[in-house]
Amino acid sequence: MEVKGSSPICLPSKGFQVESKEIPGVVGFAPVQDLLNLARVNALWPLTFGIACCAIEMMAAGVARFDWDRFGIIPRGTPRQSDVMVVAGTIPHKLVSTIKTLYDQMPAPKYVIAMGNCAISGGPFSYDGQYAIVNGADKIIPVDVYIPGCPPRPEALLQGFIKIQTKMTKGIIDANRRAEKAARRAKK
Amino acid sequence: MLNIKTIDDATINQRVYQLNLGPQHPSTHGVMHLLLTLDGEVVVKIEPIIGYSHRGHEKMAENRIYEQYLPNPARMDYLSGMIFNHGYCMAVEKLCGIEVPRRAEYIRVITSELNRIASHFIGTMDYAMGLGAITPFLWGWDDRENILDLLEMISGSRLTYSYGRFGGVRNDITKEFYDGTRKFIERLRSRFWDYENLINQNVIFIKRSKDVGVITKEDALLYGVTGPTLRGSGVKYDVRKHEPYSVYPEFKFEIPTRKEGDCLARYQVRMAELEQSLNIIEQALDHLPPGPVRAKVPRFVTPPEGDCYVTFESARGAAGFYIVSDGTRVPYRIKVRAPSFSNLFVLTKICPGHFLADIVAIFGSIDVTVPEIDR
Amino acid sequence: MLTAGQKKLLVELRSSLAEAVPEGQISESDYATKGYHLELRLDKGGVRRVAQIMLDKRFMLETVTAADFIDSFELVYLYSTYNQQQVRLLTRIRIPKDVQPFSVSAIFPAAIWLEREVYDFFGIRFQEHPDLKRIINPDDADYFPLLKNFGKTKFTDQIDDILC
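Residue numbers (my numbering), protein chains in the order written: chain Z, 986 to 1173; chain H, 5 to 379; chain V, 11 to 174.
Note that these hints are calculated values from the structure, not bench results.
Note that this is a predicted model, so its numbers are computed, not measured.
A couple of the hints might just be wrong.
As the list claims (entries may be wrong) - Pairs of lysine-lysine residues, derived as BS3-like cross-links and limited to a Cα-Cα distance of at most 25 Å, are as follows:
#, chain 1, residue 1, chain 2, residue 2
1, V, K162, H, K245
2, Z, K1148, Z, K1124
3, H, K179, H, K98
4, H, K240, V, K18
5, H, K98, V, K143
6, V, K17, H, K240
7, H, K245, V, K17
8, H, K221, H, K263
9, H, K211, H, K300
10, H, K240, V, K67
11, H, K240, H, K256
12, V, K67, Z, K1124
13, H, K245, V, K18
14, H, K221, V, K67
15, V, K67, H, K245
16, H, K263, V, K67
17, V, K44, H, K300
18, H, K49, V, K143
19, V, K143, H, K353
20, V, K67, H, K353
Please model the entire structure based on the sequences and the hints provided.
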């Protein structure tokens, strides 16, 4: 697909041959999945589950200065409409069933970002003798991307979203971006 | 399939039902679970359920020496992290009898007031967003980013500061911070007109806030309400004037109050406090004394036996630290008086009788920070 | 450095408290080092009488807390004023481990939640409390976290010497 003035975006079908004969059951066909993933990646809708201090940095990533809307990210209030869940904050024992319920309510394909030291491994509150918290979100739900920091800067959260994009498209979006950069450097 | 014959009339004709507002909901106040008992659209009973943000700060204090506990107060009320941090340092200094140099006190006041402005931006603009106004939310957070830039210059952190130390602050302020703060004060004074034109006179905003959630003076006394929530009901109580600490007696500022006690009054009190904080910062910058910023204290501080209670004005109300020491390097008991704890409980008294939509307004106008309630 | 109004209020307060709770020991403390003006030490009871006096004098209940002293608990009540004459009173009562003190929630509704928190963390049950159940810890927890024999504190484990 060529847009005038910009470098060509390589679709996966350019990399390998697409058979032109009729094949039944196209849904499971790998290039279609890759295309769908590219589309999903540019409209990631997170379920914002801000628990503690990291929630404020997550909101700061959403407002005017850092603005996650330019990546296509629109926060949704309900898990039924979201793709990715951002667990931001320390997880006490009372909240474990809530997190599990929310994760189960999200429709597949779903991803989880653990934001902040507390969601990664308990953070500054984990010490020998702590009774109140769970040492990390990955003890409850499977986590895809970990963003360290206490709290991480909003730019770090945006980089976390880019890493999820890489993971969702299995590296294709990374390759596209590298190709764009190389083309721009070649033009200069 | 519902078997009608087995349900008796009382259940079918029951009008009252329970609804969960939380713990996860799009309104941005953290994990707060409100169990509402509703009769149609009118709230009959409200029960806040807390504990979803409990991290065990008070038990952690018994496992840390005083210096190691410094990062913790800022994470309790993270929106006034600097104020809590300085408050904890004040409590230990009172217990040990450490005197703080004047320049450090002035820097503490400047950073505390900057933090208070940042917190009030969140408090007022989140309230406006709860009523549906998205633009003030973006404006308020953008103005707040300027403050975070300034505080990051000297402390290195945007949200959870550990800038205060026993005996002063960690390092001196730079010329960049000084000039930046002066520019910031000028800019913010001109922005007040923008907010006035945008939201303060808006018909929908006023209709949804006026006469909603009235807290009377008697209720406030019985429930221990403090802060802008109290000043909106006509009681002129501010810890900075009533139990002056640090160098607040040297500054001229007023305490804005309103008489009505409804959501609009609390919003107006917070907006008026922004101006007062700017006055304090300006006076502090004008009279900043030279000198050291940190007193000489022993490496590991060992307070004598006894207890002490120190109170200070955070953005949400009168907070306090009650420290019991047994003469060793590890505190025996630290109790934190969180203003949001008392402010939240008054909801059970004032909410019944309002519509469901008003609950969001009332809850937003009280401006709680949930991890401070649960500690 | 107390003002005339504060001194007058202190004198009034001392006399009313001495009248209502004669078994308590009142002493003045140095506000600059302690943070409170008056300290009232009770022995067996009397918290409700003190609360009634404080409400009549327009004080607010600032906080209720406790400390575990291995063979007894010490309950601490802090009262403070809203008006110009700022005075703070600290009431302590040492109770043995199985004694159940009376709740002051009939006089100060703020105590409903404050005493629930003390129950949640220490296991102290208050008599005549309208709604005594857990508030912060999970509802099915079977531990009381702030007791000295729970978890790790300086008594059960020696804190390692911190080298910075």
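- Would you pick out the hints that fail for this structure and give their numbers low to high? Violated: hints 1, 3, 5, 9, 12.
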